[in-house]
Structure formats: C-alpha cells, structure tokens
Amino acid sequence: MSGLATIWLIARRELAAYFASLSGYVIMAAYLLVSGLLFNTFAVGSEPRLSQEVLEQFFYFSSGMAMVSGILLAMRLIAEERQMHTLVLLRTAPVTERQVVWGKFLSATLLLALVLVISLYMPALIFLHGKVSLLQIATGYLGLLLIGAACISITLLASVWSPTQLIAGVAGGLLVALLLISWLLGRVTEEPLKEFFVYVALHNVHFRTFSTGTLHLRDVVYYAGLIVVALEAATRSLAAWRWRE
Amino acid sequence: MIEAAGLTKYFGERKALDALSFRIGAGEIVGLVGKNGAGKSTVLRILSCQLLPSAGEVTVDGMSVSEAPREVRRRIGFLPEQPPLYPEMTVRGYLAFAAALRQLPSGEVPRAVTQVMEATGLAEAAAERLGNLSRGYQQRVGIAQAIVHDPKVVLLDEPMAGLDPLQIAQMRELIRGLRERHTVLFSSHILSEIANVCDRVILIDQGRVRAEGSEQELWATFHQRERLLLRLRGEAERARAVLAGVADVELRSLVAEPQGTLAASVQAPAGRREALARACAEAGLGLLELRAEQHGLEDLFVELLGGRGAA
Numbered sequence: 033m034s035g036l037a038t039i040w041l042i043a044r045r046e047l048a049a050y051f052a053s054l055s056g057y058v059i060m061a062a063y064l065l066v067s068g069l070l071f072n073t074f075a076v077g078s079e080p081r082l083s084q085e086v087l088e089q090f091f092y093f094s095s096g097m098a099m100v101s102g103i104l105l106a107m108r109l110i111a112e113e114r115q116m117h118t119l120v121l122l123r124t125a126p127v128t129e130r131q132v133v134w135g136k137f138l139s140a141t142l143l144l145a146l147v148l149v150i151s152l153y154m155p156a157l158i159f160l161h162g163k164v165s166l167l168q169i170a171t172g173y174l175g176l177l178l179i180g181a182a183c184i185s186i187t188l189l190a191s192v193w194s195p196t197q198l199i200a201g202v203a204g205g206l207l208v209a210l211l212l213i214s215w216l217l218g219r220v221t222e223e224p225l226k227e228f229f230v231y232v233a234l235h236n237v238h239f240r241t242f243s244t245g246t247l248h249l250r251d252v253v254y255y256a257g258l259i260v261v262a263l264e265a266a267t268r269s270l271a272a273w274r275w276r277e
Numbered sequence: 285m286i287e288a289a290g291l292t293k294y295f296g297e298r299k300a301l302d303a304l305s306f307r308i309g310a311g312e313i314v315g316l317v318g319k320n321g322a323g324k325s326t327v328l329r330i331l332s333c334q335l336l337p338s339a340g341e342v343t344v345d346g347m348s349v350s351e352a353p354r355e356v357r358r359r360i361g362f363l364p365e366q367p368p369l370y371p372e373m374t375v376r377g378y379l380a381f382a383a384a385l386r387q388l389p390s391g392e393v394p395r396a397v398t399q400v401m402e403a404t405g406l407a408e409a410a411a412e413r414l415g416n417l418s419r420g421y422q423q424r425v426g427i428a429q430a431i432v433h434d435p436k437v438v439l440l441d442e443p444m445a446g447l448d449p450l451q452i453a454q455m456r457e458l459i460r461g462l463r464e465r466h467t468v469l470f471s472s473h474i475l476s477e478i479a480n481v482c483d484r485v486i487l488i489d490q491g492r493v494r495a496e497g498s499e500q501e502l503w504a505t506f507h508q509r510e511r512l513l514l515r516l517r518g519e520a521e522r523a524r525a526v527l528a529g530v531a532d533v534e535l536r537s538l539v540a541e542p543q544g545t546l547a548a549s550v551q552a553p554a555g556r557r558e559a560l561a562r563a564c565a566e567a568g569l570g571l572l573e574l575r576a577e578q579h580g581l582e583d584l585f586v587e588l589l590g591g592r593g594a595a
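Line by line, the protein sequences give chains X and A.
Using my numbering, the letters of the first sequence correspond one by one to residues 33 to 277.
Using my numbering, the letters of the second sequence correspond one by one to residues 285 to 595.
Hints listed in this document are in silico derivations from the structure and should not be mistaken for laboratory results.
Computed from a predicted structure; not experimentally measured.
Keep in mind that the hints are not guaranteed to be accurate.
Which bits of chain X does chain A cover? Going by a derived footprint, with three or more residues having C-beta under 8 Å, they are [to be verified]:
| no. | region |
| --- | --- |
| 1 | 45-56 |
| 2 | 109-120 |
| 3 | 123-135 |
Just so you know, even glycine gets a beta-carbon here, dropped at the ideal spot from N, CA and C.
From just these sequences and the hints, can you work out the full model?
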C-alpha cells in the first residue's frame, strides 16, 4: 500500500468516526447556525449595501467560525486515541508517523471543506438582491479553507502533546490566539522583530486580501507553510514518544 | 525468531529491565511470567516497537527493533492489555481497517477478514459494533486484529485478563490454535493458563530472567527435592519424631485428619521414599499412603520468587 493510500485509509476512518460519534454533525450544525445568524444580522442587515461589502463582512466573521471549527475538529485527533488506548494500533502498524498525522489532518480538513460547501447558500442569497463577483467568493472560500486548515494543523500539534481532548482544545485555542494577536507585538517592537510578528499573525494581514477577492501568492504560501510546519512538528512529536518514554 | 541480548530499559532512574536475554524459536508458544512491575509489558512494548531499549539489542526475524522498526512491525501482530478498539466500528469494518493498516493488499483483505473471524469465533458478530460487545468478544477481536495479516510473530499482553473461566478456556484454545502458523509470546498472571498453553515459560523478576524452560524442566532444575505426602495411623508426637529423624528429610507439616489419621508433608531428596516407609514400619506407625504432592506452576512461581507478592 502506497503512502498516499495509507493516508487516505486513516482519513476515511476518521471521517466515519466524526459522523458515528455525532461530533461531526454537531460542529457542522453549529457552524451553519451561527454563520447564518451572523450573516443575516450583520452582513445583510437592513440598509442597502454593495454586494462586495456584504461579502467582505461575510468572509470576516466566517473566518472566525472556520478557526473555531478547525480547533473543535482537530482537538480529538490524537488525544482521543490516547484516551481510548487505540493509538497503539497505529504505533504498532507498519505506517509512518507522518502518514498518521497527514491522514488525520486530511479528515478534519475534508469535513471543514464540506461545511464550507454547504454554507455556499449564504453568498448565493446575495444573487437575489444584487451582482456578486464569483472570483471574490472563490478567493474568500479558499481563504476560509486555508485559515481553517491552519487552525486544524496547529490544534493537531497540540493534540499530540495533550493527554485529553479538552486540554488539546485549550492548548490549540491558545496557540491560535497567540498567532492571532502577534500583530499587536509588532506595534511595540522594533525591526526586524516588528516585521516578523506582523508576518506571522494568522488573520490580520494574510486573510484580509482573500475576503476582498484578491489572491496574493504570499498569503497562500504563508498558510501552506504554517500548515506544513505544524504538521511536521506534530509528526516529530509523535515519533519522539518512542524515545521519550 | 525473537532474540533479546542484554536488553535494558530505564524509566527515569528506575531500571525496568536489567540486561535481559532470551531466545524464542519459530513456532514456539512462550509465556512471559512475572509479578506486577517485573517488566513483562515493557518487553512486549519494546518488541512491538513502541519503546526503544536503553541498551541491548532485540531482533524479530533478524530485524532490529531499534534500526528497522517498520520491518519489525510488518512481521508482528500485537494485542495490548486493553484491546485497541474503536467502539463505533463494526467487527468486520475494524478488522478490514486493521488488515489494510498492516499493508495487506486490498484484494486479500475481505478473504483475510472472513478467515480470521471464523478462526476466532467472531463470524456471528461481524456486523456488531465493537462498543456493544462483551469483554470476551472484545478480547477475541483484539486477537483477530493481531493475526488478520498473518504475521510471523504474535505478541499478547495479558490476553486472559478480565475474562471469566469459560472465556479463559476459549481464549486458551484460541492461543493454542495459533501454534500452527505463528510464533507466540504472551504474558499472564494466570500461571496455570501459561502451563496449559505454553511450550516454554520465561520467568522474569525485577527486569531479569530468573528461569526459563518447560514446566518440567523448571521443576527439575529448581526443585531437586521432592515434596511427599504421607497418611499415617498412630500418635502425632511419635510420628513427628520418626519423620524428623529420617536423614535428609524435612518435615513441613503434620495435621490430624477428622477420620483419626495423620497427614504429613515432608520434603526429601529423590529416592528417600523407601527409607521413610521403613522408618514408619519400624516405629509401628501404620503407613496408609505415600505419594508425591502434585505441584503446579503457581508453587514454582512462589518458590522461585520467594513468595514476594506472587500472583
């Protein structure tokens, strides 16, 4: 079995587990409910507005929902296996830690992608009242997927370190929060730290362009890089258990 | 098939394994016996590539667990003390997942799953969710996942823990059935079960091998003096004096039985039965019975480990 097939095997089992334990349904329902309320209250509102502004606002609060969903989806990925004593099945099988980590990441990201696809009805509603830029929708959704996947990878790393799902969720949330507010540190530090803190900020600079319909390669590279770094750290941490114990 | 040489493992300052060495041949069923904390699970976790040894070398089918863990993992099936089951999965789905995870070609997975379910008596429960199964059935699924890919070596950590007597008997049959295709190393506290199932026992204490061999070999090596049971008719004090007076004989106990006879337990070198019988006859004691006491592995275990908290 190839490496990709093994990753897909692990991802498929995880996806089934999300729906079997209802956690997948609950997270999806919560995302759609809260996004729908926010969309109706803030993005649409009662005043006439440009479709572009409505979409920008929609993507702004959807990014928050994507981040929270990413944390909730990822916190169980390794910590639950540890709690249920099932991690041993993966650790004694001829699969690499990297395949385990990427398989789990893929499952959570696919579920996030599914909920994002379902949420497409909200920007579609704007069609009823005005013109909508499909490019803005496409780039906005790409941004949502990337920022959500980044949060999944960060929380997956926390899940490797944590003995329980709850601790993984809290630790993942803290790491995400640190990355969110790192631009504030940029305000009180000098170059080159200033530039670094502004660059690593999860949302401030990098997401805004997606929501306006502008696609910058540097922002895609930032999120992709963050995901790869977090997943590689998770892989190494998982492998290190053999040495650490 | 399995070789450990100078296997040492530290957990912090504590030495869990102390230069442990043993060898297990292909097709053998070997029991790993020891008290709690003796190092049994640590040995199995190192063999299953979950832990790295602090020193020493272990190979499975010639592959080093330190240097070629993936190759070792291809050759083993492992059942930990708590079966690694996903409660939401069905028996069939779980075994298919375990088989694919162990790199069985996808075309062979359905056949392998069907075969292993039949071998482990799980065919009727194929569609059951793992979380709904009894402890005994969960343990069977645990064994099934360990052998579904037909590994050369099967490692079982306390496979009979928590099972009722009927389930233990079924599990014993299941493990015996593995002999034909696999080398099996398993740990257990239930020493009588070890004796019934294993070709050989490795007794470990404080991380070291204290003894190894078949039950008979262990007795022959460590129990040169036999324990004899005598049933006598006569006075207790006289019997005590006579038995204690026979050369090389140690009187362990003497109790009066309800029917008016005496039951004496003595320990003596092999070949002293005739001297004992003669001494009784000369003293006018009626010798009603003289036979060797039946020993089990439990007695040996207690004797070798000095009864320090033996199971």
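Go check the region 45-56 of chain X versus chain A for me, would you? Three or more residues, Cβ under 8 Å, otherwise it fails. That given contact holds, which follows from 5 residues of the region 45-56 of chain X lying within Cβ reach (below 8 Å) of chain A.
Test coverage of the region 123-135 of chain X by chain A using CB-CB distances below 8 Å; three residues minimum. holds (count 6)
Can you confirm whether chain A covers the region 109-120 of chain X, using C-beta to C-beta distances below 8 Å and requiring at least three such residues? Since 5 is at least three, the answer is holds.
Hint compliance for this structure: no hint is broken.
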